[in-house]
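2 protein chains.
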Amino acid sequence: MSEKGLDQLEQLRKRLDEINLQILELLSERGRIAQEIGKVKLKSGINRFDPVRERKMLDILAEKNQGPFETSTIQHIFKEIFKASLELQEDDNRKALLV
Amino acid sequence: MSEKGLDQLEQLRKRLDEINLQILELLSERGRIAQEIGKVKLKSGINRFDPVRERKMLDILAEKNQGPFETSTIQHIFKEIFKASLELQEDDNRKALLV
Chain A
607 MSEKGLDQLE
617 QLRKRLDEIN
627 LQILELLSER
637 GRIAQEIGKV
647 KLKSGINRFD
657 PVRERKMLDI
667 LAEKNQGPFE
677 TSTIQHIFKE
687 IFKASLELQE
697 DDNRKALLV
Chain B
607 MSEKGLDQLE
617 QLRKRLDEIN
627 LQILELLSER
637 GRIAQEIGKV
647 KLKSGINRFD
657 PVRERKMLDI
667 LAEKNQGPFE
677 TSTIQHIFKE
687 IFKASLELQE
697 DDNRKALLV
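Sequence lines, in order, name chains A and B. Start counting at 1 in the first sequence, then tack on 606, and there's your number in the numbering used here. Start counting at 1 in the second sequence, then tack on 606, and there's your number in the numbering used here.
Honestly, the hints are just simulated from the structure, not real lab data. Where a beta carbon is used, it is the ideal one built from N, C-alpha and C, also for glycine. One should not assume that every hint holds.
Footprint (simulated), chain B over chain A, 3 or more residues, beta carbon under 8 Å [what the hints assert, rightly or not]:
id: 1; stretch: 635-644
id: 2; stretch: 653-661
For the chain B half of the interface with chain A, some residues (derived, Cβ under 10 Å), not all of them [unchecked claim]:
id: 3; residue: Leu630
id: 4; residue: Arg636
id: 5; residue: Ser650
id: 6; residue: Arg659
id: 7; residue: Asn699
Using the sequences provided together with the hints, build the complete structure.
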């Protein structure tokens with residue numbers, strides 16, 4: 607690989623590392639908010655999982671997605687995020703029940 | 607659910623929607639950078655998939671993760687993002703070969 611190519615690659619990878627950490631930060635904040643939502647729901651005795659709400663979030667993402675990822679890919683990644691958030695709420699609730 | 611609870615839920619969901627869109631934006635930017643990297647690599651004839659680089663990114667995420675998600679959960683989500691990025695590069699290269 608040419609020196610110019612290596613230099614370019616290095617710069618692009620640096621940017622990728624920055625974006626990874628920004629995504630991590632947003633995911634973590636999202637996790638904390640999901641925990642808050644779980645607490646509010648637990649207090650009210652309503653179910654944590656709300657498929658209508660999840661569908662609405664996926665629809666908004668489809669509407670806003672401008673690529674380069676296919677909407678199906680974006681939705682697949684977000685479904686993993688939703689699943690992780692739900693597990694976080696379930697863990698919290700289990701702990702709350704044990705107290 | 608009490609009015610206060612509903613109001614709280616509404617606020618938290620609004621914040622969640624904002625964060626979803628911020629994550630979408632970062633994912634899209636990440637996708638574009640992955641495409642750039644793919645082009646540089648294609649020009650240089652080097653392999654797109656680099657397991658050492660991927661491991662390094664996962665290690666950095668493990669080091670920086672402060673919760674509430676488990677590191678294994680964060681890494682699982684990022685592996686999905688890496689896979690999607692690789693597929694994006696592969697699609698581009700296929701198109702480049704067809705030109």
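Subject >> Unsatisfied constraints (hint numbers, rising) >> reply: 2 and 7
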